[in-house]
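Got chain A; can you put chain B on it based on the hints?
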Amino acid sequence: MTTGSSSPQRRPDGAALVIAAILAGIALVIFWQTSQMRVPPVQQRMGPTVFPYVVASGLLLLAGGTIISALRNGFPARSKDDYRPIFWVVGGLVGQILLLSTAGFSIATGVLFAFTAKAFGRGPLWKTIPIGVVFAFIVWFIFAKGLQLSLPTGVLERLLTTGSAF
Amino acid sequence: MSTFELLANGLVAALQWQNLVYALIGVTLGTAVGVLPGIGPALTVALLLPVTYKLDPAGSLIMFAGIYYGGMYGGSTTSILLNTPGESASIVTALEGNKMARKGRGGPALATAAIGSFVAGLIATLGLAFIAPFVVRFALSFGPADYFALMVLAFVTVSAAFGDSALRGLTALFIGLGLGLIGIDLQSGQTRLAFGIMDLLDGIEVTTLAVALFAIGETLKTASDRDQVAAQVMAVKGSVWMTIEDWKRSWASWLRGTFIGFPIGAMPAGGADVASFLSYSAEKSFAKKPEEFGHGAIEGVAGPEAANNASAAGTLVPLLTLGLPTTATAAIMLAGFQQFGLQPGPLLFANNANLVWALIASLLVANFMLLVLNLPLIGLWVKLLTIPKPWLYGGILVFATLGTLGANGAMSMGIGPVRISFELVLLLAFGVLGYVLRRFGYPIAPVVVGLILGPMAEQQLRRALAISQGDPAILFHSPISLVLYAVAIVAVGLPFILRMRGQGKLLGQLATDED
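Here the protein sequences line up with chains A and B, keeping their order. Quick note on numbering: this note's numbering labels position 27 of the first sequence as 27, and the sequence is numbered without any gaps. Quick note on numbering: this note's numbering labels position 137 of the second sequence as 137, and the sequence is numbered without any gaps.
One chain only, chain A, in its complex shape:
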């Protein structure tokens, strides 16, 4: 179950190698993007490119360190995570992002609330979505009306605060 077992012949930590590759990838992107910048010659040694090169070099070194750590199984043991709840939470966030501009804050955020509850095993959705919408509307009312926060308004918010859907 864990990758950090103490047997002498261990396989290198594959996931950690992927992390190392990602870090190196980010470093290369920063190198490449920074090299594309046109900097006046006066600024070569103290201009906007200095720090990005420092950061990218650091990331590259850390990628190397991560490879060593992966080969030595230096990462802490990981539990076997259940990915289904993650899909529910991420799904809820994606749903909210897509619904916000058309359905308004309350409905979009109600969906997020219900999907998150589902991730923690509370359902069914036809019950939790309405609960979420009501909760989100109360929150919207307090923050948008009380504290003047600009939050996306949809049909539901207009209907309940002005009495007309448009």
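Treat each hint with caution, since some may be false.
Stated by the list, open to error - Partial list, derived from the structure: chain A residues whose beta carbon lies under 7 Å from chain B: (1) Pro-41; (2) Arg-45; (3) Ser-57; (4) Leu-60; (5) Leu-62; (6) Ala-77; (7) Asp-81; (8) Phe-113; (9) Ala-119; (10) Leu-147.
To be verified - Chain B regions said to be covered by chain A (calculated; three or more residues, Cβ under 8 Å): (11) 183–192; (12) 208–220; (13) 362–374; (14) 403–409; (15) 413–425.
Note that these hints are calculated values from the structure, not bench results. None of these values were measured; they are calculated from a predicted model. We put the CB at the ideal spot given by N, CA and C, even for glycine.
Same frame as chain A, now just chain B:
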């Protein structure tokens, strides 16, 4: 003016009714959110930052400070009654505090935590008031190279000095530094790493990153954990009040905790968690009955709780006097200052003396409020612990997205005909990043500190290089910077050597003491 006069003026300002209301709102929200498991003070401040755009600067900063202090108080309640620390600085409290609660001594455990936090908060806030002017005077002589060295030291202590892996700490820091590069470079006007996306020109918002890493990352990690044990809330049985023996055993621990915690927060030598670990082991060696440790020794609650509050106040020393955040919460508070166009540092004490001293004085006020809120009203806060997880995390995500939309809710991107908020897309992406970091044992705070401190360090570096016309030797010219680099090397080296000599002792203890 002397420190006394400045502090007295500050108190007059802090006692104005608006500021009292802000402080009360801050400590109440801070306690409530600190009590909720999975939400620490950093996330609380980040969530509330966008809400305060329209409030007056002094008031909202007083509110933030109240939230910070309140979060530290509230976290202990969770540790004692739930054995799930509300924030990392309370891990040690959970060791002894939860054992006490299981023995039916939850009341005295909560009381010693609250009174200890009060004593520590009071002494440490006064310490802050008296030390700050000296640091400010000293800092006025700092050149850009010295500031850069100071930031390097902060980077090192935040990411590498403590925690269980310097490699992962530094990696987290560099991810933050990399994110800090994005956007228009303020000195040359050049765009960096924006990939043609308009929303990235202003750079990554600290609040978006912090909310994503703490709220969404934490939610994902908790949801995916298969062995979620339904944590049991211990009811507070019997009297909340401490017996005479409890008082006798606690008072010295409070003071020791304070004097361990304050310098650690102020130096900057690591966060509140380090302070509480050190205090715990100090209490263990000072204890008259060491055999009680691991079975609910009151000293093991009193010391660490005092230490983590003292260190929270200590953190404000580098934040206010040098503009140097050394914890995630301090980093977000720095963003709070910047949102009002204020830059903490020695000049803040010169240009906004009234505001700074009102803020420091209001910390004293907040401390009194917290004692009242936490002792008699403890039953109210305990109820918060009984909120079922699905609703709790559903609510956390609602507020996380609300705060992000409130700060920057422009529907600036489109997928086909649907307009979407780029800021929320970032929130989701960083949330997944937060999950991955947690899963692989990377610390979170260095990412946040790197994002906010990176551009500041770059500015000082370039100023220094501009003075020397590009000669990097200037970085090592002044004695101040040499001392700071030396401390930084010790800070990385010492724990490394300790680790080589058989794994940090404190962490080992923690593992064996847990059931």
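Hint-by-hint comparison with the structure:
no.	hint	result
1	Pro-41	violated, 11 Å
2	Arg-45	holds, 3 Å
3	Ser-57	violated, 10 Å
4	Leu-60	violated, 10 Å
5	Leu-62	holds, 5 Å
6	Ala-77	violated, 9 Å
7	Asp-81	holds, 4 Å
8	Phe-113	holds, 4 Å
9	Ala-119	holds, 4 Å
10	Leu-147	holds, 6 Å
11	183–192	holds (count 5)
12	208–220	holds (count 3)
13	362–374	violated (count 0)
14	403–409	holds (count 3)
15	413–425	holds (count 7)
Hint violations for this structure: numbers 1, 3, 4, 6, 13, all remaining hints satisfied.
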